[in-house]
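Protein chains: 2
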Amino acid sequence: MNTAKDIHSVPSWIPPATRLVELHGDYGTTDFIMRRGGSLPKVVVAYESWGRLSQMHDNAVLVFTGLSPSAHACSSHEDPSPGWWEYMIGPGKPIDTDRFYVVCVNSLGSCFGTTGPSSINSKTGKRYCVDFPDLTIEDIAKAGHHAMQELGVDHLCAVVGASMGGMSSLAYALQYPDEVDYLVTISSACRSLPLAVAMRSIQREIVRCDPDWKDGLYEPSEEPKNGMTLARKIGLISYRAGEEWNQRFNRARVSPKFKGRSKFGIEFEVESYLDYNAHKFVDAFDANSYLYLSRAMDWFDVAEHGGSVNAGLAKIHSRKTLVIGVETDILFPVTQQEEIFNGIGKAGRNVEFIRLPSIKGHDSFLIDEENFAPAMSKFFSEIS
Amino acid sequence: MNTAKDIHSVPSWIPPATRLVELHGDYGTTDFIMRRGGSLPKVVVAYESWGRLSQMHDNAVLVFTGLSPSAHACSSHEDPSPGWWEYMIGPGKPIDTDRFYVVCVNSLGSCFGTTGPSSINSKTGKRYCVDFPDLTIEDIAKAGHHAMQELGVDHLCAVVGASMGGMSSLAYALQYPDEVDYLVTISSACRSLPLAVAMRSIQREIVRCDPDWKDGLYEPSEEPKNGMTLARKIGLISYRAGEEWNQRFNRARVSPKFKGRSKFGIEFEVESYLDYNAHKFVDAFDANSYLYLSRAMDWFDVAEHGGSVNAGLAKIHSRKTLVIGVETDILFPVTQQEEIFNGIGKAGRNVEFIRLPSIKGHDSFLIDEENFAPAMSKFFSEIS
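Just so you know, the protein sequences line up as chains E and U, in that order.
Residues 22 to 405 in the numbering used here are what the first sequence lists, from first letter to last.
Residues 22 to 405 in the numbering used here are what the second sequence lists, from first letter to last.
Just to be clear, a hint being listed does not mean it is correct.
Because identical chains cannot be distinguished in the list, a pair is counted as satisfied if it fits within a single copy or across any two copies.
SDA-like, lysine to any residue: derived pairs with alpha carbons at most 25 Å apart [to be verified]:
hint	residue 1	residue 2
1	K341	A324
2	K235	S398
3	K246	H98
4	K246	D233
5	K278	Y48
6	K63	K284
7	K235	C150
8	K284	D322
Everything labelled a hint here was simulated from the structure, so no lab data went into it.
Note that the structure is predicted; figures quoted are calculated from it, not measured.
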């Protein structure tokens, strides 16, 4: 397998241990057909992997990410920097790389090595930008599926994802029901509800209102940073929960030396926190990727796979599904986790639901090791 | 009393039945001293009133508004258009104008007739814009208090407010504890928590990022409408609740003819709803007023009136206080209503708490007549 540098010029934001794999297309062509129309003449998927594929090729675990992370889910010899799910993946960890061959893919449409709006269209020699075709969660799942095939895996032991990654995992199990044994979906949903659509719609509008967006035709060095910063702040609000911030910030003020000179500048710690984290993100994410992935989440609807949500969920026939939800999640509320659990259960399948009291909202899976690690350890240790 | 037109040139957004009263200033001057420093050389307060002041001057009810409404809380012979609290105020209604002399004031710093950033500074002959001094909820309460004095009312029967208006009512009872008999605070708070500060901070930043804001020096005809529209959409999200939108919109799409041509334009009904309501608001609200009032809410803290929230609340000694909260409110969560109730109760005062199951979130008081009208009717009917 090649490193990123072998295949094409590497944007600075591809993590060092990330590798790229070029997919075979659909129907004997190299074209990757998109669900809502259009196709991509060539798709490359960026991934990282840990552990070794067994001789039987039966120990592969595919991890889909949320909207913003790269494939660097955990550290390795080649890239010792901590990954976005460092506590979850590794030797002796809940997803134990002494037992499993774990692959994390960067989602189709994203910007950390996988083909997306910032990639060069091989047919035109230009970046796709907003000529990238409509992107769906099902396309993301398909790109992950095809990438695993390129890596020699025709059948997954498990597919795992949280947030948008949970949707991608559901889409995987819906589209390839015979090719996966176990499914884990965390803080995800069968379909986005109006509050989540509204939260994301405003983020997209803010990016599009930034004059630097230039109808999507900005140069890579001239990203619409103002719009992206503001959008990310709204995202951050939707990812966390009030109670955590009450305990962490309460009404603390920033030191006067950090206070902006502007009359309405940063004054409370929570404002400073949002500002710091939004800027950190904006420096490493493509605006058009943000728009496409965000809209893909709005569109996702399990009901498209059978006429109703329950009919869709009935198509999933993994040996066991684990559904985890968090009580303080406002973006993918716990009632939506119950909907997945109930739907799969009604179809007579083996499904477990864990309702966690984390106070950290939607993003708990990233940070609440105390609650998530034991739940995931138990599930994976029971896989024989 | 004069009509708006008698006193100064009337911006088009002063409702027809609104009257203006010029305040006497503090310490024998005409200056209105502001809590955080600075002063206003002249303050005019816009108000509407319904019912008649009794001979004993003992039946006055002062209503403070939330961030965005004018003093037009209900209709009258002079202005038959429905007010923002039409179901609550009027003959035979919960706040019965056959019994009470009801006055609603436009808040200091707002833009519907009361002095605010869009007013002319009589010392310079120019609009204040961002030279308007720091505005606090206590200043808003004081302007209401002084306005009532000009109207011949030295002692209120009751002060009432919801949302920001609830904060203003609390500030009134804190600053003039001997001059009010009954207090009603709805979906309000002793102080803003980080999630509410964050929600408002982003709205302000979006307005300030609009190039048309021009550091606050825009011409009245060239308001930063893009920024205000986006900010209002975020506001609207924080004012409502997920469950209402699930029932109302679910995943309904707009008719293709209303769908924007843009790739990321309006597609879901909830997006269309936000767009319609945000534009309606923006055409009738001054951007600098929005910034000042928004920040005033962040700053408000009952603890400033005694060292702690409870010590502050102990200063309120109305005969009875009614606290109403809504379970689905994410901006001023019901736990904050309990905080008010508990604090006043601990001080040995008569206080009642009503926890409503409305699914319409923070804005329930505007629309959930079914739950709010009986609660308010009972309280006011018991005032002898």
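To see whether the hints hold, each was checked on the structure:
1. K341 / A324: Within. Shortest intra-copy distance 21 Å satisfies the 25 Å Cα cut-off; inter-copy 53 Å does not.
2. K235 / S398: Classified as neither: same-chain Cα gap 47 Å, cross-chain 55 Å, threshold 25 Å.
3. K246 / H98: neither (34 Å within a copy, 52 Å between copies)
4. K246 / D233: The answer is both: 8 Å in one copy and 18 Å across copies each meet 25 Å.
5. K278 / Y48: neither (62 Å within a copy, 35 Å between copies)
6. K63 / K284: between (51 Å within a copy, 22 Å between copies)
7. K235 / C150: Close inside one copy (11 Å), not across copies (31 Å); limit 25 Å.
8. K284 / D322: Intra 45 Å, inter 20 Å, cutoff 25 Å: inter-copy only.
Going down the numbered hints, you'll see the structure goes against 2, 3, 5, while the others check out.
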